[in-house]
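Asker: Both chains are given apart, each in its own frame, so use the hints to dock them into the complex.
First to last, the protein sequences are chains P and A. Here the first sequence stands for residues 1 to 117, where the numbers follow our numbering. Here the second sequence stands for residues 1 to 114, where the numbers follow our numbering.
No wet-lab data here; the hints were simulated from the structure. There could be a bad hint or two in this list.
[As the list claims (entries may be wrong)] What follows is a set of in silico ranges between Cβ atoms, one per label pair, in the way DEER data are often shown:
hint: 1; chain 1: A; residue 1: PRO79; chain 2: P; residue 2: SER80; range: 46 to 56 Å
hint: 2; chain 1: P; residue 1: GLN41; chain 2: A; residue 2: ASP59; range: 19 to 29 Å
hint: 3; chain 1: A; residue 1: GLU42; chain 2: P; residue 2: ILE60; range: 13 to 23 Å
hint: 4; chain 1: A; residue 1: THR26; chain 2: P; residue 2: ASP54; range: 24 to 34 Å
hint: 5; chain 1: P; residue 1: PHE12; chain 2: A; residue 2: TYR39; range: 19 to 29 Å
hint: 6; chain 1: A; residue 1: GLN2; chain 2: P; residue 2: THR86; range: 18 to 28 Å
[Stated by the list, open to error] Pulled a few chain A residues facing chain P out of the computed Cβ check, cut under 8 Å:
hint: 7; residue: LEU34
hint: 8; residue: GLU42
hint: 9; residue: PHE46
hint: 10; residue: GLY60
hint: 11; residue: GLN81
hint: 12; residue: ARG95
hint: 13; residue: ASN100
hint: 14; residue: LEU102
hint: 15; residue: PHE104
hint: 16; residue: GLY106
hint: 17; residue: GLY107
[To be verified] Once the Cα atoms are required to be at most 25 Å apart in a straight line, the calculated DSS-like pairs of lysine-lysine come out as:
hint: 18; chain 1: A; residue 1: LYS5; chain 2: A; residue 2: LYS38
hint: 19; chain 1: A; residue 1: LYS56; chain 2: A; residue 2: LYS71
hint: 20; chain 1: A; residue 1: LYS5; chain 2: P; residue 2: LYS57
hint: 21; chain 1: A; residue 1: LYS113; chain 2: A; residue 2: LYS68
hint: 22; chain 1: A; residue 1: LYS71; chain 2: A; residue 2: LYS54
hint: 23; chain 1: P; residue 1: LYS9; chain 2: A; residue 2: LYS38
hint: 24; chain 1: P; residue 1: LYS9; chain 2: A; residue 2: LYS68
hint: 25; chain 1: A; residue 1: LYS68; chain 2: A; residue 2: LYS54
hint: 26; chain 1: A; residue 1: LYS56; chain 2: A; residue 2: LYS5
Quantities reported herein were computed from a predicted structural model and do not represent experimental measurements. Every residue, glycine too, gets a C-beta built ideally from N, C-alpha and C.
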Amino acid sequence: DGGITQSPKYLFRKEGQNVTLSCEQNLNHDAMYWYRQDPGQGLRLIYYSQIVNDFQKGDIAEGYSVSREKKESFPLTVTSAQKNPTAFYLCASSNRDRSRGTYNEQFFGPGTRLTVL
Amino acid sequence: DQQVKQNSPSLSVQEGRISILNCDYTNSMFDYFLWYKKYPAEGPTFLISISSIKDKNEDGRFTVFLNKSAKHLSLHIVPSQPGDSAVYFCAASARWNAGNMLTFGGGTRLMVKP
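Chain A on its own, in the form it takes in the complex (with noise of 0.2 Å):
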């Protein structure tokens, strides 16, 4: 039973053009979703974080947007540029319980071609 999914495995898109990566999740225990970002035989990068109080949160290039009624996220990528090709990954806890476990998608490989 995955909780959170991520329905693409897969992403083409254009430089400059906007990337988009979906993720939905079933538990309404979760409050707290987060965007990892990961290069082939490395860790996970932290990108951008959205509590579930919001619906949107920027820094620079990276937008998350939060639906909870749908139990819906996303990440917007604009302008995206080729140094972006990796696996995204969404993830979600229920941060008021103990040790703050992540539950992670199954990744979606984002492709950007010059």
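The shape of chain P in the complex, shown without the other chains (with noise of 0.2 Å):
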């Protein structure tokens, strides 16, 4: 089955200590995204990948990195910079239309809490 796989469902962690959550699709998708949702709130963007080993910060990437060193992978690590880390995370994909050149709908993983003790 295609998709997209997030570890692990919960996540605690204590103050000043760096985690990294996972994200991985199997769906061939060129472009990835990390988001982060607060309760009552919408989601909004940390970081996106549009290729390999390339990835630009989004609205609130304060206190987060990336890396994309393959295709179905984009981890996000949170820092012990980060102010608030306690909130649920969001992996999404989406694949390139090539002969329009604009983005597909993007799909999303099934989300990572974490909780700061």
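Answerer: Spelled out as structure tokens, the structure:
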């Protein structure tokens, strides 16, 4: 089955620790994204990547880092510099419609809930 | 500065009736609009989209209407079913811009009562 997997489902960390959230897709999508959702709010973009070894900051990149060494993988590291890291983190991917030069809809993984103790 | 707004945080509808969820945007560069459905502790599921060259798109019980002059779109669900109860997010992008970044509204919680 093609899809996006995120692990772990729930993650707890102590203040001052870095933590890495996994995101893998086997859809052969070009672009991948990380979002954060806080209670009662919409999704906010943290980072995105259109191709391997390239990524761009989103609206709330401070305190986060990413890498894109493989097309199917886009891990997100939440560093100790992130002031309020407790949130629900969502990874997404989308494919490029090369005939139109545009991207199609984004598909989301199941999410990781990070709680800082 | 919220570029995509969903002004109704919640909506309650009787089963079998129509649900209408609304969304407003401010950025005139947006040319692609999407609706997602989300259950608690799960990722959003894509429902339906519309390009700015159209004013209506239908898929089964779901229809999205776009009014570009008013910078407004709406999602109609007919007939509403209890399984439709979820949070609905509208999202917008400027597809020709790099990366297809989506800007999301704050969501509307739909409750369909049996």
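Asker: Please go over all the hints and tell whether each is borne out by the structure.
Answerer: Results of checking the hints against the structure:
For the pair PRO79 of chain A and SER80 of chain P, the supplied restraint of 46 to 56 Å holds, since their beta-carbon distance comes to about 51 Å. Distance hint check for GLN41 of chain P and ASP59 of chain A: the Cβ-Cβ separation is about 27 Å, which falls inside the suggested range of 19 to 29 Å. The hint said 13 to 23 Å for the Cβ distance between GLU42 of chain A and ILE60 of chain P, and at roughly 22 Å that hint holds. Distance hint check for THR26 of chain A and ASP54 of chain P: the Cβ-Cβ separation is about 30 Å, which falls inside the suggested range of 24 to 34 Å.
Taken as a hint, the range 19 to 29 Å holds for the pair PHE12 of chain P and TYR39 of chain A, whose Cβ atoms sit roughly 23 Å apart. Checked against the hint of 18 to 28 Å, the C-beta distance between GLN2 of chain A and THR86 of chain P comes to roughly 22 Å, which is consistent with it. For LEU34 of chain A, the suggested interface contact is upheld, since its CB lies about 6 Å from the closest CB of chain P, less than 8 Å. Satisfaction of the interface hint for GLU42 of chain A is found here, the shortest Cβ-Cβ separation to chain P being roughly 6 Å, below the 8 Å cut-off.
Given hint, PHE46 of chain A at the interface with chain P, holds; its Cβ is 5 Å from that chain's nearest Cβ, closer than 8 Å. For GLY60 of chain A, the suggested interface contact is broken, since its CB lies about 16 Å from the closest CB of chain P, more than 8 Å. Using the Cβ-Cβ criterion of 8 Å, the hint placing GLN81 of chain A at the interface with chain P is not satisfied: the shortest such distance is roughly 22 Å. Nearest Cβ of chain P to the Cβ of ARG95 of chain A: about 4 Å, under the 8 Å cut. The hint holds.
At a threshold of 8 Å, the smallest CB-CB gap from ASN100 of chain A to chain P is about 3 Å, leaving the interface hint in force. Taking 8 Å as the C-beta contact cut-off toward chain P, the hint placing LEU102 of chain A at the interface holds, the least distance being around 6 Å. Below 8 Å, beta-carbon pairs count as interface contacts, and PHE104 of chain A has one with chain P at about 4 Å; its hint therefore holds. Look at GLY106 of chain A: its Cβ gets to within about 5 Å of chain P, closer than 8 Å, so that hint holds up.
Restraint check, GLY107 of chain A versus chain P: the minimum CB separation of about 6 Å is within 8 Å; hint holds. Under the criterion of a C-alpha separation no larger than 25 Å, the hint pairing LYS5 of chain A with LYS38 of chain A is consistent with the structure, at around 17 Å. Among the hinted pairs, LYS56 of chain A with LYS71 of chain A is consistent with the structure: their alpha-carbon atoms are about 14 Å apart, no more than 25 Å. Restraint check for LYS5 of chain A and LYS57 of chain P: satisfied, since their Cα atoms lie roughly 23 Å apart, inside the 25 Å limit.
A C-alpha spacing of about 32 Å is found between LYS113 of chain A and LYS68 of chain A, which places the hinted pair above 25 Å, so the restraint is violated. As the CA atoms of LYS71 of chain A and LYS54 of chain A are separated by approximately 13 Å, the hinted pair is consistent with the 25 Å bound. As the CA atoms of LYS9 of chain P and LYS38 of chain A are separated by approximately 16 Å, the hinted pair is consistent with the 25 Å bound. About 39 Å separates the Cα atoms of LYS9 of chain P and LYS68 of chain A, which puts this hinted pair outside 25 Å; it is violated.
Distance check on the hinted pair: LYS68 of chain A and LYS54 of chain A sit about 9 Å apart at the alpha-carbon level, within 25 Å; holds. Proximity of LYS56 of chain A to LYS5 of chain A is assessed by CA-CA distance (about 20 Å); at most 25 Å being required, the pair is judged to hold.
This entry does not satisfy hints 10, 11, 21, 24, going by the numbered hints stated previously.
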